[in-house]
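Protein chains: 2
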Amino acid sequence: MLVSALLTSLGINSGLCVLFFLLYSIISKQPSNYEVYVPRLLAKGNSRRRSHFNLERLIPSTGWIKRAWKRSEEDILSSSGLDALVFMRIISFSLRVFSFAGIIGVFVLLPVNCMGTQLHEIDFTDLSNNSLDLFTISNVNIGSKWLWIHFSAVYIVTIFICYQLYNEYKYISSERIAYFYSSKPQPHQFTILVRGIPVSVCSSVSESVETFFTEFHPTTYLSHMVVHRTSKLRNLINEAKTLSKRLLHLQSEPSQHTYRHIGLFGQRVDLVDHYGKKLVDIEQSVRLEQSNVSLAEETRAAFVSFKSRYGAAIAFHLPQSTNPTQWVTEQAPEPDDVYWPFFSSSFMRTWISKLVVIVACILLTILFLIPVVVVQGLTNLSQLETWLPFLKSILTITFFGQVITGYLPNLILQLFLKIVPPIMEFLSSIQGYISHSDIEKSACKKVLWFTIWNIFFATVFSGSVLSKVSIFLEPKNIPAKLAVAVPAQFINVYMPKYETAGKFWPIVHNSMIFSLVLMHAIAIGIFTLKKLSIASTLLFPLPVLTLLFNAYCRKRFLPIFIAYPAEVLIKKDKEEASVPAMAEFYDKLVTAYRDPALMPIQYSVNSESLNRPLMSSADF
Amino acid sequence: MLVSALLTSLGINSGLCVLFFLLYSIISKQPSNYEVYVPRLLAKGNSRRRSHFNLERLIPSTGWIKRAWKRSEEDILSSSGLDALVFMRIISFSLRVFSFAGIIGVFVLLPVNCMGTQLHEIDFTDLSNNSLDLFTISNVNIGSKWLWIHFSAVYIVTIFICYQLYNEYKYISSERIAYFYSSKPQPHQFTILVRGIPVSVCSSVSESVETFFTEFHPTTYLSHMVVHRTSKLRNLINEAKTLSKRLLHLQSEPSQHTYRHIGLFGQRVDLVDHYGKKLVDIEQSVRLEQSNVSLAEETRAAFVSFKSRYGAAIAFHLPQSTNPTQWVTEQAPEPDDVYWPFFSSSFMRTWISKLVVIVACILLTILFLIPVVVVQGLTNLSQLETWLPFLKSILTITFFGQVITGYLPNLILQLFLKIVPPIMEFLSSIQGYISHSDIEKSACKKVLWFTIWNIFFATVFSGSVLSKVSIFLEPKNIPAKLAVAVPAQFINVYMPKYETAGKFWPIVHNSMIFSLVLMHAIAIGIFTLKKLSIASTLLFPLPVLTLLFNAYCRKRFLPIFIAYPAEVLIKKDKEEASVPAMAEFYDKLVTAYRDPALMPIQYSVNSESLNRPLMSSADF
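So the protein sequences, as listed, match chains A and B. The numbering used here applies: residue 3 is where the first sequence begins, and numbers increase by one. The numbering used here applies: residue 3 is where the second sequence begins, and numbers increase by one.
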């Protein structure tokens, strides 16, 4: 890749970035788009639609960027929860790391690389036609003393990042505890999920749960909710939902369109009537199925609620039964976060799905590069000219040639990479997780490993470290990524469905540690190639120290992200013991984990006003 | 190795085995040895010393073997605890496995191997001069259909062993629960060890513990015992013990020997008086040091006792503090099992020792074979004749030559192997374990890995699988090993110091699984060498299935070996709630975890009768 191609690519990206900023600025100012961009302010009544025309609306402004970045952490915390705050911390953490590494790279390493003559000297008269490799460590002479500058850079960057990681981990774990103290009582804090419930011949799952917990947790046990098999029911409800939507649509249309020729004799039928009747029928069978399911289709899993957080924690942490495969306990997800379809599938089906998912992930990860490399091959100029001769005249123009060699391979790879997260999320969803957040966390991990594997192999196959890694880690993408993630979205648009209280931070931490160790390995390899074996040897302690640092962090902070300690639970329980609102909360807690498929439904047109809240809760 | 050498070796081993059986039979019958062989019967008064001469005493008998094997499991359980029973089960399990594999090997595989002509045909006229390799799979022809017999044998043996393993795991874990139900209340069931106790400026460790547990475990907390630094004290006490022993020895000698010339002017001093005074001095400084230590030298660790097993389990299982490196809890070992020296060393020292131990173990394991191979080289006949020419005449005699090639290498290796366990135990003892049983378990694991590594490399270096493995796994050693382990010893001699309730079974299980997978790997390798690639391919599922089986066992049984479930603890607590003896037990519990170094001592001659029980408890 030539410098000119990089500059072209950089130019296009920066241009697109500015364009999106401007478009966002203008579009979000149009009153007709307020529902999209500031729904929360609208709902609160803080923002009125101004219908009169205003020139200001069409002029892009930058004030919103400033406002977005000025938001205090308390503000984010109160409006969007701890997850949003942690996400913001990830961005600012990444920005700090990139700035630090960028400054060292541009002002220290780049001059050192340029001074080298290993490949050949840089032609400063025609800068844009130099190969990019001349600006990398490849150009530093073998055995040169300047390599010690690179050596020091590895140490300095590692120390800086570890220091930042430690601070972030410390800050986020203390925030996690503080967030828990300040939280209102929530059903999932008082509830555990119990699986592998044994049943005797004469008792149901529900009776079995009742007997067990009243015997072994008599002072803390509150209630339970057995999970039912509801896959059939969910299909029926989805059908009803689709019908009711179609019906609403028909009713809003002019009346002449609602008559169609239907049936063998082509009689004209009022479609509203037709669908209305069908909907009533389906609702009838939903109700029938609901009563069937509640009576018969019990799974061997139940949500068990306790009178205190500490009581739930005891039942969660202690092994319950002499047979460790029975009465298996785990922390309950938030009621909205439960992934109900999981409970419908049998153990065997879950187990096979899991196996299939693992194999599919491995295959996808390993074989992904093949189609990408093939498609990227198309962007080879002379190849393109042979295949598509009519493009010849365009391709001879330098600018278009540069766009195609500099930007198109990147674009194609990015497009392919865009497909990966949805695929991984689908695979995770059939893997047997009980909550949406677990599914997403697992998908994140899959994407992460996918990326690492592909970077690694792209590196191995390409020979030059930078040429491919830059495709994934191009600093020029950072502003574009930030533009997507600026808080404006959190404050005004983002409505958290569930809250993990920053439980995903350890993934970020581990990924960073992995990247550091990978960097050390590559550095050791480069120093060996450059015949500076003392530097290779002196680098060896660095990955060891980094892993020891990680071990310490795992011991010092990770437990807080797995479960809250007794101290915190007991204090919180004591604090709330005298609050009068708790009685009301307990009433809600008893039914908090009812399967939404078992809730009464009513989509029929007659009582439309009634079913609004039900629909929106089912949509989430 | 020739068949004749194997036969010689077998003959010597069997002869030694019979000899030891006879010696044991005769020696154990002599009334003067009753203290050694039947101390427990003597103590119970079940056996009287017969002083009159009896011819029967000098004739070896076999009845004791029969009696030993006839002991019922209940008998062993009640007399020696669950550990002894599990140990017996290990032996009978091994015997079953060896018999099964032996029968298949001798009656199915051996004939198949003999029929092969890969190396060359077996010379049945001079059987003892055939190489042993002719009887192994090496002799089966490449690509032969007879190899499918070996293939089936691998599957059959694996299935048989997995079935046996499952049954044993199931039996031992149910025994573990039953043993717990039937056990008397014991201090370690009610106690946890807490480490990383934070102290503020104005409070001691003891006050800190009291405050924390009365606040967060008010209903279950009973008492605590802070651990003190007592290394100096222990040295003093050891000195006092040595002196008092010397004194006792002197007093039993004729009085003329107790005078010696001592000091600058050579005055005659009564040694009994001299040592007596010295002992009183040391005892004085011990008392002084004891009061010093109890006041000042608190470590940040304490044994915390609870009113119920369930209470202790809750404190053990739940993370306690917002800082996970503080208030770290673990299960307490039995009071006699505590390894007190550990608590004296600082965190840094423990950490460095740990590192040193790991490095030492790895070096020992890797480099061990070098001296062994060198010394074994000496047993090469022509080498020996060159080095020690005077042996030439003896070595030319066939029998001695066979003894040396067949038996000496084995003996040297065995002698070297005998040194390894004590070394490993020493290394484990400085690694920072808090209990003797943990030290021994860790030493076992070290020895196991050592053995596996050495078998593996001996195999790799020797080329032939059987020639070296046989050194370690010679079936002829089994009777000898059994002779050491027959129950006679458990019933009459063995006095358990502490009881882990079979906690070491998972090590046996895991080792077995490891060996199976290793066997599969070797089998796959052999079938590949023998150019029967379908068999190699069809063997691949076997290690996978074995590991899946192991995963299931870990899930189904392992938790029982780590901690008792809530169900069991609560039932046991309830059962005992009304027992009047519990008040007395609680009194004992309060002081159960007092450091023996802090107990009052009295070795001086005047009150010898008083200190007996103290001495024996200190000896354990």
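Keep in mind the hints are simulated off the structure, nothing from the lab. Hints should not be assumed to be uniformly reliable.
Quick list of in silico lysine-lysine cross-link-like pairs, DSBU-like style, CA-CA up to 35 angstroms [stated by the list, open to error]:
#1 B:LYS573 with B:LYS172
#2 A:LYS31 with A:LYS420
#3 A:LYS557 with B:LYS356
#4 B:LYS72 with B:LYS356
#5 B:LYS172 with A:LYS557
#6 B:LYS447 with A:LYS447
#7 B:LYS576 with A:LYS309
#8 B:LYS356 with A:LYS499
#9 A:LYS243 with A:LYS279
#10 A:LYS574 with B:LYS72
#11 A:LYS505 with B:LYS234
#12 A:LYS557 with B:LYS505
#13 B:LYS72 with A:LYS309
#14 B:LYS234 with A:LYS557
#15 A:LYS557 with B:LYS309
#16 A:LYS186 with B:LYS309
#17 A:LYS532 with A:LYS172
#18 B:LYS172 with A:LYS356
#19 B:LYS557 with A:LYS447
#20 B:LYS573 with A:LYS309
#21 B:LYS309 with A:LYS573
#22 A:LYS533 with A:LYS499
#23 A:LYS590 with B:LYS576
#24 A:LYS573 with B:LYS590
#25 B:LYS574 with A:LYS309
#26 B:LYS573 with A:LYS576
#27 A:LYS557 with B:LYS443
#28 A:LYS574 with B:LYS172
#29 B:LYS72 with A:LYS172
#30 B:LYS574 with A:LYS573
#31 A:LYS356 with B:LYS557
#32 B:LYS309 with A:LYS309
#33 A:LYS574 with B:LYS443
#34 A:LYS576 with B:LYS309
Some chain B residues well away from chain A (every beta-carbon gap over 10 angstroms; in silico) [as the list claims (entries may be wrong)]:
#35 LEU18
#36 LEU24
#37 TYR26
#38 LEU134
#39 GLY145
#40 SER233
No experiment lies behind these values; they were computed from the predicted model shown. Ideal placement from N, C-alpha and C gives every residue a C-beta, glycine not left out.
Hints and how they fare:
| no. | hint | result |
| --- | --- | --- |
| 1 | B:LYS573 with B:LYS172 | holds, 21 angstroms |
| 2 | A:LYS31 with A:LYS420 | holds, 29 angstroms |
| 3 | A:LYS557 with B:LYS356 | holds, 17 angstroms |
| 4 | B:LYS72 with B:LYS356 | violated, 45 angstroms |
| 5 | B:LYS172 with A:LYS557 | holds, 34 angstroms |
| 6 | B:LYS447 with A:LYS447 | holds, 34 angstroms |
| 7 | B:LYS576 with A:LYS309 | holds, 22 angstroms |
| 8 | B:LYS356 with A:LYS499 | violated, 47 angstroms |
| 9 | A:LYS243 with A:LYS279 | holds, 14 angstroms |
| 10 | A:LYS574 with B:LYS72 | violated, 60 angstroms |
| 11 | A:LYS505 with B:LYS234 | violated, 47 angstroms |
| 12 | A:LYS557 with B:LYS505 | holds, 26 angstroms |
| 13 | B:LYS72 with A:LYS309 | violated, 55 angstroms |
| 14 | B:LYS234 with A:LYS557 | holds, 32 angstroms |
| 15 | A:LYS557 with B:LYS309 | holds, 30 angstroms |
| 16 | A:LYS186 with B:LYS309 | holds, 34 angstroms |
| 17 | A:LYS532 with A:LYS172 | violated, 39 angstroms |
| 18 | B:LYS172 with A:LYS356 | holds, 27 angstroms |
| 19 | B:LYS557 with A:LYS447 | holds, 24 angstroms |
| 20 | B:LYS573 with A:LYS309 | holds, 22 angstroms |
| 21 | B:LYS309 with A:LYS573 | holds, 22 angstroms |
| 22 | A:LYS533 with A:LYS499 | violated, 55 angstroms |
| 23 | A:LYS590 with B:LYS576 | holds, 33 angstroms |
| 24 | A:LYS573 with B:LYS590 | holds, 33 angstroms |
| 25 | B:LYS574 with A:LYS309 | holds, 25 angstroms |
| 26 | B:LYS573 with A:LYS576 | holds, 28 angstroms |
| 27 | A:LYS557 with B:LYS443 | holds, 24 angstroms |
| 28 | A:LYS574 with B:LYS172 | violated, 42 angstroms |
| 29 | B:LYS72 with A:LYS172 | violated, 63 angstroms |
| 30 | B:LYS574 with A:LYS573 | holds, 30 angstroms |
| 31 | A:LYS356 with B:LYS557 | holds, 17 angstroms |
| 32 | B:LYS309 with A:LYS309 | holds, 23 angstroms |
| 33 | A:LYS574 with B:LYS443 | violated, 41 angstroms |
| 34 | A:LYS576 with B:LYS309 | holds, 22 angstroms |
| 35 | LEU18 | holds, 46 angstroms |
| 36 | LEU24 | holds, 47 angstroms |
| 37 | TYR26 | holds, 41 angstroms |
| 38 | LEU134 | holds, 44 angstroms |
| 39 | GLY145 | holds, 33 angstroms |
| 40 | SER233 | holds, 27 angstroms |
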